[in-house]
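Following the hints, position chain B against chain A.
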Amino acid sequence: MAPGGRGGRGGGRGGGAFGARGTVSIGGVELNWDLSGLDIQKGPAERFPDAPPPQAPPPTADESATVQHYLAVRDRIHEGPFYTILNDGMKNGMKRKANQPAPTEASLFNPFADNQTYTSKYLKVRRRIPKLDTRPYVVDLFPPELRSLLDNTPKDAYGNVTGDGPVKKRKLLSVSKVTAVTRIDRYLKEENQRARQDPDAEEVDEDAEDEDEEEEDDEKPDAVGEEDDFSAASSDSEESGDDYNAEQYFDNGDEDDVDDADPYENTYE
Amino acid sequence: MSYLQRETPILAELCTFLVEDQYGELAARVFSVLARHGRQTLAALVRASYLNGRQIKHGLVVLIQQHLLFHSVTESDVNYYEIDWQQSYCLVRYGKVLKLVEDRYGKKATNVISNLLTLGHTRIVDLKEAYFPAPEVAESRGGETNGTSLGKRNANGERVNGTAIKTNGITNGVASKQDNLTNGDGGHANGVKISGTTNGDGAEEDAQEENTIQSVDELYAIIYHLMQQGWIMKVEDSQFLSPGDMHDQARAAAVDENYGGNNPTGNKDKEVLAADILQRKRRIRDDWLTVPKFPTRKRQNAEPDYGMSNKRAKISHGNDWTSHGDTVLLDAGYTTSQATSADLIIRVNPEKVTVGMRTEQLALLVETRLGYTTSQIYRVMLRLLETNLARCYEEWPDRIKDDPDAPIDSRHLVTARDVAKNIDRSIDLFESLDPHAIVQITRKGHVDKHHRLSNPIDPDSLTLDDKTKIIDKHIQLLSDDPFHFVTWHSRAGYSQWHVEFEEIAKSVIQQEVENTVAARKGALGVKLIRALRKKGKLDERQTCNAMMMSAQDLRGVVNDMTVQGLIQTQEVPRVERREAKHSIHLIWYDRQRAREKLLHDTYKGMVRIMQRISYERGKVKQLLIKAERSDVVGNEEKWLNRGELDALKKWKEVQEKLLLQLFREDDLVATLRDFIGPLISV
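Quick mapping for you: the protein sequence lines, in order, are chains A and B.
Read left to right, the first sequence gives residues 1 to 269 (full-length UniProt numbering).
Read left to right, the second sequence gives residues 1 to 682 (full-length UniProt numbering).
Just chain A, with the same shape it has in the complex:
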């Protein structure tokens, strides 16, 4: 109907001007529409015609820079002390409905991926609760009921402040001094570099690794070399703030009094 209608009006108007009025018969009815130059589909229309989705134009230089900045900041926040992954099978923070069973260990277990293997010890440990004692805060800006979490002044067993100055090392913010690249970018770039410099792979590898380590040190200043300091890590793990040291998990058994009894602190996800 629609194409016919449009043709009809167009024809009516055009007809007056040009006088070239043709006729067409559709379904045995003679219609005086001017359809010259139009290719009319007589058959039934395709039921699901090909309709490619509209494609967004490619990014401009500014836009891709914006995306890179966003990813870089996000990666830094994810490496920082605030990022948490609960993995408890809940969708939001609301209380469960009465008829909704709590997710169990078994129901959350993925038999294909979650089995502990040898390489599990290399897995990145994700926090289940933010680590708040790694940086200084402006305690006055927080409501009184939360201040106890942030206080850096050391307390004795009875909760009294000991001494007059902070005994502990002063906490530092972690800042990055160069504008960081995103993590995946780093992988891929390194990969490319290696592929290019294949002949003298041995030396280059060493160098690249060194650089990589330096870079990591820069980002999280107190991190301990992850593979080398296997045993050294346990001594000052609380102060050093090496949050991702997988070895902590294995050394953790004998220092129960360190944290305020957080069952999740050093577990794997």
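Certain hints may be false.
Subject to a maximum C-alpha distance of 20 Å in a straight line, what follows is the list of computed PhoX-like cross-link-like pairs (lysine-lysine) [to be verified]: (1) B:649 / A:91; (2) B:621 / A:124; (3) B:649 / B:619; (4) A:91 / B:619; (5) B:597 / B:506; (6) B:597 / B:621.
These are computed hints drawn from the structure, not numbers from a lab.
Given the structure is predicted, the values throughout are model-derived calculations rather than measurements.
Relative to the frame of chain A, chain B by itself:
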């Protein structure tokens, strides 16, 4: 409740996704409870959530640190928490903030801002110590980096060097302002710099060094500069008050002072009180933006320096982000003032971000309408104005408009000469101008029949006066455009112009609505909207007359657009028994409602993108976990096979594409929501 605080469920969903994307699941769970239940106490939160008290407290700390929550204490010592929707939405703009700052002030400032974004609010002293740790801390660390050692040297008080570098940067720009008294070391530093660059082998290191902040003074100067420009603001307790609390406080204070604690009764008194409350709120808010005295100070009142900064970054190796006359010198009482300013708490100013986004969007709009060169000129004009614009629109305007003939504040005016001084030299100003206009200005040669200048002019050899005149031609193009990008004000300084942001924002919103309608319904829909906008409320017959179309052709479009919420309907009964036959059915177009509907749809689109990203991430979850393993990091080639690397690359592309779309929709949100307050309906 403030316009921006108005919560819609879809916005709540979007913000929860954004929080989860940035700060992980715990913060997002706590956020989602607050989003669902609104203003809550800690106890109520614990009751409403499956999380335990400790988890919720930690989540709240994270959210407050990033300014995503308001909190306030009532008389009964109970704390209430409430979501700051505007700030929560701003999470999506982290990338944009950095890009905007990078364009304006270069890499170092970007670095400071990115750290501030990551950390939330922070004391300046803490930031300083993080950049330049005290020596013993630095030594206790294993891997000492280049930046740290430099920082150490400077932290020891070797300030001579820092100043010398700055002097050096200035000599490149304005020779007359060279400050030779400082020392002879400047020459030395200069020599080192030059040899480093001319050799060429250390180029990369040099670039690296150039982009890292070298000294405490430099850090302070950057922060000070960004505060002056309004990109960084100080943090005060009152910023954590929700709009409702702030209103209550302002009201209580006003009632106490003016009415002795008794609520006024008369209508007139109430109006006076309302105006007083608004004024108080504005005062509190403006107070956040005042720049306190800093250890560094400006020696001269510098000329504004935008548009140049980007180019300077490429040319000179000095202090790129300060303006030329802006010698940063040390105060006599350096240490004392440092102590006072060190406790200052700072954060990124979200309102300024929208101002920056508006500049960029308007410049892009001009580029599509009038061409690249004109858009560059407009960009420079807007950036010149940016310094004095704290926000896009006044959220709490006075009820009574001050008279329209009031003189415009000279800080909101810009002249062609300012633009000529600040524009990037590499831009060919003659581009996209009528050659006849050029001949008229330069008075050399003529235009031949192929519309070419018979006597070509080198754009580099233009005098400032000629440049001003040519730029003025571009500005006239801007003012002649239907959008009226600039408005003529007076003849001072070879024509003074101001920008009527409100009117432009309204037309840009209208244009976005029309773009959407055109995409959904084609030209007919746009025609209908324009007809309705011009004629007001119409019944069917009047619509047909206005559109010069038959009712049958119109009905489909009208129905579709009504269902989509872009056109409003109204039914007015003519008889007592309200029958459809005897009623008048009116349709009309309401700018504000169409705007809100479109905004809502955009939010929804953004939610879908976030969902899609998390779905795509779920597909490569195992791979990402593997890539993060500590043995794999650094040895990707060894432990990941070809297919995995390809998948990683593909995931990166997918994510970037989706984020790109997200940011484009965010641009639309800015246009629809942030550039102007609610519009009064017809």
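Going down the list of hints, with the structure as the test:
1. B:649 / A:91: violated, 29 Å
2. B:621 / A:124: holds, 13 Å
3. B:649 / B:619: holds, 13 Å
4. A:91 / B:619: Holds - the C-alpha atoms of residue 619 (chain B) and residue 91 (chain A) are around 18 Å apart, at most 20 Å.
5. B:597 / B:506: holds, 16 Å
6. B:597 / B:621: violated, 36 Å
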